[in-house]
Amino acid sequence: NISAWWNFASLLGLCLVIQILTGLFLAMHYTSDTMTAFSSVTHICRDVNYGWLIRYMHANGASMFFICLFLHVGRGMYYGSYAFMETWNIGVVLLFAVMATAFMGY
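Start counting the sequence shown at 1; every next residue gets the next number (the UniProt record's numbering).
Because the hints were derived from the structure by calculation, they are not lab data.
Given the structure is predicted, the values throughout are model-derived calculations rather than measurements.
Yeah, the Cβ is synthetic: ideal placement off N, Cα and C, and Gly gets one too.
Keep in mind that a hint or two might mislead.
Pair ranges (Cβ atoms, derived) [stated by the list, open to error]:
| no. | residue 1 | residue 2 | range |
| --- | --- | --- | --- |
| 1 | Val98 | Ser40 | 26 to 34 angstroms |
| 2 | Met77 | Asn49 | 41 to 49 angstroms |
| 3 | His43 | Val92 | 39 to 47 angstroms |
| 4 | Val92 | Thr36 | 35 to 43 angstroms |
| 5 | Ser39 | Met99 | 28 to 36 angstroms |
| 6 | Ser81 | Thr36 | 45 to 53 angstroms |
| 7 | Leu95 | Ala59 | 33 to 41 angstroms |
| 8 | Thr36 | Asn7 | 19 to 27 angstroms |
| 9 | Cys45 | Val93 | 50 to 58 angstroms |
| 10 | Tyr30 | Met64 | 20 to 28 angstroms |
| 11 | Val98 | Ser39 | 41 to 49 angstroms |
| 12 | Gly105 | Met28 | 19 to 27 angstroms |
| 13 | Ala83 | Thr31 | 27 to 35 angstroms |
| 14 | Val48 | Ile2 | 36 to 44 angstroms |
Assemble the whole structure, with the sequences as input and the hints as a guide.
Quick look at the structure:
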């Protein structure tokens, strides 16, 4: 009973790797000083090679991560994966951790 719905865990991992790699790249070019923060973002978008693409991949990757996360949880509920309590509880704890991270500002 394998279907396309079983791909979302792999897509979650892929989204997470993309978020980490693009975040590290952006962190190398970003300055958090209040006087130069905006200019560093414009520097990334205009002067860094493919910086605009990496910035938008990072911004939209967060939304894709949550879409894949909610589809993954929905798939688990539909197929009755909650019957395996240990695995389900770990997943719920991770879901709440990710939601708390998003609430506090990702």
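Outcome of the hint check:
In this structure the supplied range 26 to 34 angstroms holds for Val98 paired with Ser40, their Cβ-Cβ distance being about 27 angstroms. Judged by the Cβ atoms, the range 41 to 49 angstroms given for Met77 and Asn49 holds: they are separated by roughly 43 angstroms. Remark: the range hint 39 to 47 angstroms for His43 to Val92 is upheld by a beta-carbon distance near 41 angstroms. Evaluation of the 35 to 43 angstroms hint for Val92 and Thr36 yields a pass: the beta carbon distance comes to about 41 angstroms.
The given range of 28 to 36 angstroms is respected by Ser39 and Met99, whose C-beta atoms sit roughly 33 angstroms from each other. About 48 angstroms separates the C-beta atoms of Ser81 and Thr36, a value consistent with the hinted range of 45 to 53 angstroms. Between Leu95 and Ala59 the beta carbons are some 22 angstroms apart, a value that contradicts the proposed interval 33 to 41 angstroms. A C-beta distance of roughly 42 angstroms is found between Thr36 and Asn7, which places it outside the suggested range of 19 to 27 angstroms.
Restraint check, Cys45 to Val93: a C-beta distance of roughly 37 angstroms breaks the suggested window 50 to 58 angstroms. Under the hint 20 to 28 angstroms, the C-beta atoms of Tyr30 and Met64, about 21 angstroms apart, fit the expected range. Under the hint 41 to 49 angstroms, the C-beta atoms of Val98 and Ser39, about 32 angstroms apart, miss the expected range. For the pair Gly105 and Met28, the beta carbons lie near 21 angstroms from each other, so the given range of 19 to 27 angstroms is met.
Taken as a hint, the range 27 to 35 angstroms is violated for the pair Ala83 and Thr31, whose Cβ atoms sit roughly 50 angstroms apart. Our hint of 36 to 44 angstroms for Val48 and Ile2 holds, since their Cβ atoms are close to 42 angstroms apart.
In this structure, the earlier hints numbered 7, 8, 9, 11 and 13 are contradicted, and the remaining ones agree with it.
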